[in-house]
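Participant: Chain by chain, the residues run as shown.
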Amino acid sequence: QKEVEQNSGPLSVPEGAIASLNCTYSDRGSQSFFWYRQYSGKSPELIMFIYSNGDKEDGRFTAQLNKASQYVSLLIRDSQPSDSATYLCAVSQNSGYSTLTFGKGTMLLVSP
Amino acid sequence: DGGITQSPKYLFRKEGQNVTLSCEQNLNHDAMYWYRQDPGQGLRLIYYSQIVNDFQKGDIAEGYSVSREKKESFPLTVTSAQKNPTAFYLCASRDSTNEKLFFGSGTQLSVL
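Those protein sequences? They're chains A and B, same order as listed.
Residue 83 in the working numbering sits at position 83 of the first sequence, with consecutive numbering throughout.
Just so we're on the same page, the working numbering is the position in the second sequence counted from 1, plus 1000.
The following block holds chain A by itself, in its conformation from the complex:
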């Protein structure tokens, strides 16, 4: 049974701070890792993806992957109230059309 674990939160940070969201996964064969942002009542939106160990930066977002520890994280710098949402971690084996396994998500609240 493939599992993806996230702290449900809420994670509360003040505006301008760094928000750190964490995710662990059980399947060592996992190759592709994704972060989705989901606003209440809306569909998930892909914001970051990472395939290799290390860091990947895109604007205020940094994804970090450590396959040895089976751990992936998302850092949001200079957090804004508009970042308040649920962040879903998703993992796949990257074999053909392998399916994505999602965590339950972490709710982030950024206070002005």
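For the record, the hints were derived by calculation from the structure and aren't laboratory data.
Be a bit skeptical, because a hint or two may be false.
List of simulated lysine-lysine pairs, DSBU-like, C-alpha gap at most 30 Å [unchecked claim]: (1) A:Lys104 with B:Lys1100; (2) A:Lys104 with B:Lys1009; (3) B:Lys1014 with A:Lys42; (4) A:Lys2 with B:Lys1100; (5) A:Lys56 with B:Lys1100; (6) B:Lys1057 with A:Lys2; (7) B:Lys1083 with B:Lys1009; (8) A:Lys104 with B:Lys1057; (9) A:Lys42 with B:Lys1071; (10) A:Lys67 with B:Lys1083; (11) A:Lys67 with A:Lys56; (12) A:Lys104 with B:Lys1014; (13) B:Lys1070 with A:Lys42; (14) B:Lys1009 with B:Lys1071; (15) B:Lys1100 with A:Lys67; (16) A:Lys42 with B:Lys1057; (17) B:Lys1014 with B:Lys1083; (18) B:Lys1100 with A:Lys42; (19) A:Lys42 with B:Lys1083; (20) B:Lys1083 with A:Lys2; (21) A:Lys56 with B:Lys1083; (22) A:Lys2 with B:Lys1071; (23) B:Lys1009 with A:Lys42.
Put chain B on the given structure of chain A with help from the hints.
Facilitator: Using the frame of chain A, we list chain B on its own:
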């Protein structure tokens, strides 16, 4: 304007009734997926299809059925056998070049 269109946005089901949720994409993606999301929960895979006229059960297929007669369309039927159908249903698609999954806007199904 490429994307994934789900309809209707809201749907109400009477006891004993079958209802069908529509999903259409014009992204020319081969693979399509149906997920169910309950409040405070992650996404759970119902069915997926990698190619026309072929589909596979996901983790929670009981009480649901699908068809894939056209590449663009992947309708989901919630049958009367699904005793707890109230949830947010998300359709997604993915192309053959990467693992990225893109979602439609979702259908909220409720029971009358």
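Participant: All hints are to be evaluated individually against the structure, with a verdict given for each.
Facilitator: Hint-by-hint comparison with the structure:
{"no.": "1", "hint": "A:Lys104 with B:Lys1100", "in the structure": "19 Å, holds"}
{"no.": "2", "hint": "A:Lys104 with B:Lys1009", "in the structure": "23 Å, holds"}
{"no.": "3", "hint": "B:Lys1014 with A:Lys42", "in the structure": "25 Å, holds"}
{"no.": "4", "hint": "A:Lys2 with B:Lys1100", "in the structure": "19 Å, holds"}
{"no.": "5", "hint": "A:Lys56 with B:Lys1100", "in the structure": "16 Å, holds"}
{"no.": "6", "hint": "B:Lys1057 with A:Lys2", "in the structure": "16 Å, holds"}
{"no.": "7", "hint": "B:Lys1083 with B:Lys1009", "in the structure": "21 Å, holds"}
{"no.": "8", "hint": "A:Lys104 with B:Lys1057", "in the structure": "21 Å, holds"}
{"no.": "9", "hint": "A:Lys42 with B:Lys1071", "in the structure": "25 Å, holds"}
{"no.": "10", "hint": "A:Lys67 with B:Lys1083", "in the structure": "40 Å, violated"}
{"no.": "11", "hint": "A:Lys67 with A:Lys56", "in the structure": "14 Å, holds"}
{"no.": "12", "hint": "A:Lys104 with B:Lys1014", "in the structure": "29 Å, holds"}
{"no.": "13", "hint": "B:Lys1070 with A:Lys42", "in the structure": "27 Å, holds"}
{"no.": "14", "hint": "B:Lys1009 with B:Lys1071", "in the structure": "22 Å, holds"}
{"no.": "15", "hint": "B:Lys1100 with A:Lys67", "in the structure": "19 Å, holds"}
{"no.": "16", "hint": "A:Lys42 with B:Lys1057", "in the structure": "25 Å, holds"}
{"no.": "17", "hint": "B:Lys1014 with B:Lys1083", "in the structure": "11 Å, holds"}
{"no.": "18", "hint": "B:Lys1100 with A:Lys42", "in the structure": "18 Å, holds"}
{"no.": "19", "hint": "A:Lys42 with B:Lys1083", "in the structure": "25 Å, holds"}
{"no.": "20", "hint": "B:Lys1083 with A:Lys2", "in the structure": "26 Å, holds"}
{"no.": "21", "hint": "A:Lys56 with B:Lys1083", "in the structure": "43 Å, violated"}
{"no.": "22", "hint": "A:Lys2 with B:Lys1071", "in the structure": "29 Å, holds"}
{"no.": "23", "hint": "B:Lys1009 with A:Lys42", "in the structure": "11 Å, holds"}
Checked against the numbered hints above, the structure breaks hints 10 and 21 and satisfies the rest.
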